[in-house]
Amino acid sequence: MHELVQRILSGDKRAAARAITHIENDAPQKHDILRDLHPHTGKAYLVGLTGSPGAGKSSLTDRVITYLRKELGMRVGVVAVDPTSPFTGGAILGDRVRMGAHALDPDVFIRSMGTRGSLGGLARTTQEALRVLDAWGCDVILIETVGVGQSELDIMNVADSTVVVLNPSAGDHIQTMKAGIMEIADLFVINKADLPGTDKTDREVSNMLDLMGHVPWRPPVTRTISRDNKGIPEFWAKVQEHEAYLRSAGVWEQRRHKRRQDEVVAIIEGQMTRRLKELMHGDAAWSSKIAQVEQGAVDPYTIADEMIGKLLK
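Going by my numbering, the first residue of the sequence shown is number 1145, and it counts up by one from there.
Hints were generated in silico from the structure; no laboratory data involved. Treat the hints with care, as some may be off.
What the hints assert, rightly or not - Label pairs and their calculated CB-CB ranges:
1) D1343 <-> Q1173: 49 to 55 Å
2) P1340 <-> R1179: 50 to 56 Å
3) K1421 <-> S1154: 50 to 56 Å
Said to hold, decoys possible - With a cut-off of at most 30 Å between alpha-carbon atoms, the simulated DSS-like pairs for lysine-lysine come out as follows:
4) K1374 <-> K1214
5) K1344 <-> K1402
6) K1454 <-> K1433
7) K1402 <-> K1433
8) K1454 <-> K1174
9) K1454 <-> K1421
10) K1174 <-> K1457
11) K1187 <-> K1454
12) K1187 <-> K1174
13) K1374 <-> K1344
14) K1174 <-> K1382
15) K1421 <-> K1382
16) K1187 <-> K1433
These numbers come from a predicted model, not from an experiment. Yeah, the Cβ is synthetic: ideal placement off N, Cα and C, and Gly gets one too.
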């Protein structure tokens, strides 16, 4: 067993942080760490919080951490994803600053990750980081996506419960969002519910849900005021209701089975992409083949088939 894995299983927070850094940087020991961690994962409940910029996801996450620690005594992990600049390659990672009150709690692990070009609302290595926190002993892991719009839906393939955070100003945009992010929600939270327009937003969401007809699970709509720490117990009660539904209806294992399948495919795709890049850089004739495509002498599909053929040998 990898030395870092032994330390993670013993509850060493620094070892967990170092392992995630190795994973983000594609270090040589990455696969060994993940392979050794695998038998010790699958226990944490994963809650994704997504929504448009300014909805209050970070402040809500901060209040949920407080509730889970003080009222339920849970060990909590947080992965907060921040956008990476396409120009400098840097990320502010400001979400972690908003949760600074928990920095010294030995049973809270907060990790910020830059998207590094990923477009689905999560970082490329988010799911692997979740495995580290799961093995570290988290009861619940909160995953906060970047501020998203209609198409950043990766969170639904990662979280057990997907929470869409809205605020009262979102009411007029519910219909335009309906074809995207609104349809992945297991729960809706109207944050900043002390502001005007809360009732309207609630009605808009309820009307949209009515159009879905009869479904096994109708996403509930709750209200929170994270600034004043209001509505958090009620919100978490709905998360627990959703977890109970998943387990009783057999959906829990179905989702996790699909997630394991998708993960295998993603690993294969990543390794194939890496090997393809290595092959391209190591093939002296590659530049001339690209030149032939640029000159119109050969079509790109023929070259692609040649490269795939070499890759599969």
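Do the hints match the structure? See the list:
1. D1343 <-> Q1173: 49 to 55 Å: 54 Å Cβ-Cβ, so the 49 to 55 Å window holds.
2. P1340 <-> R1179: 50 to 56 Å: Given a distance of about 53 Å, which is inside 50 to 56 Å, the answer is holds.
3. K1421 <-> S1154: 50 to 56 Å: 37 Å, violated
4. K1374 <-> K1214: Between K1374 and K1214 the Cα gap is close to 15 Å, so the pair holds against 30 Å.
5. K1344 <-> K1402: Distance ~37 Å between K1344 and K1402 Cα, so the pair is violated.
6. K1454 <-> K1433: This hinted pair holds, its Cα atoms lying about 14 Å apart.
7. K1402 <-> K1433: 39 Å, violated
8. K1454 <-> K1174: 26 Å, holds
9. K1454 <-> K1421: Holds - the C-alpha atoms of K1421 and K1454 are around 12 Å apart, at most 30 Å.
10. K1174 <-> K1457: 25 Å, holds
11. K1187 <-> K1454: With a Cα-Cα distance of about 41 Å, the restraint between K1187 and K1454 is violated, given a limit of 30 Å.
12. K1187 <-> K1174: 21 Å, holds
13. K1374 <-> K1344: With a Cα-Cα distance of about 20 Å, the restraint between K1374 and K1344 holds, given a limit of 30 Å.
14. K1174 <-> K1382: The hint is violated at about 36 Å.
15. K1421 <-> K1382: 46 Å, violated
16. K1187 <-> K1433: 50 Å, violated
Checked against the numbered hints given earlier, this structure breaks hints 3, 5, 7, 11, 14, 15 and 16; the rest are met.
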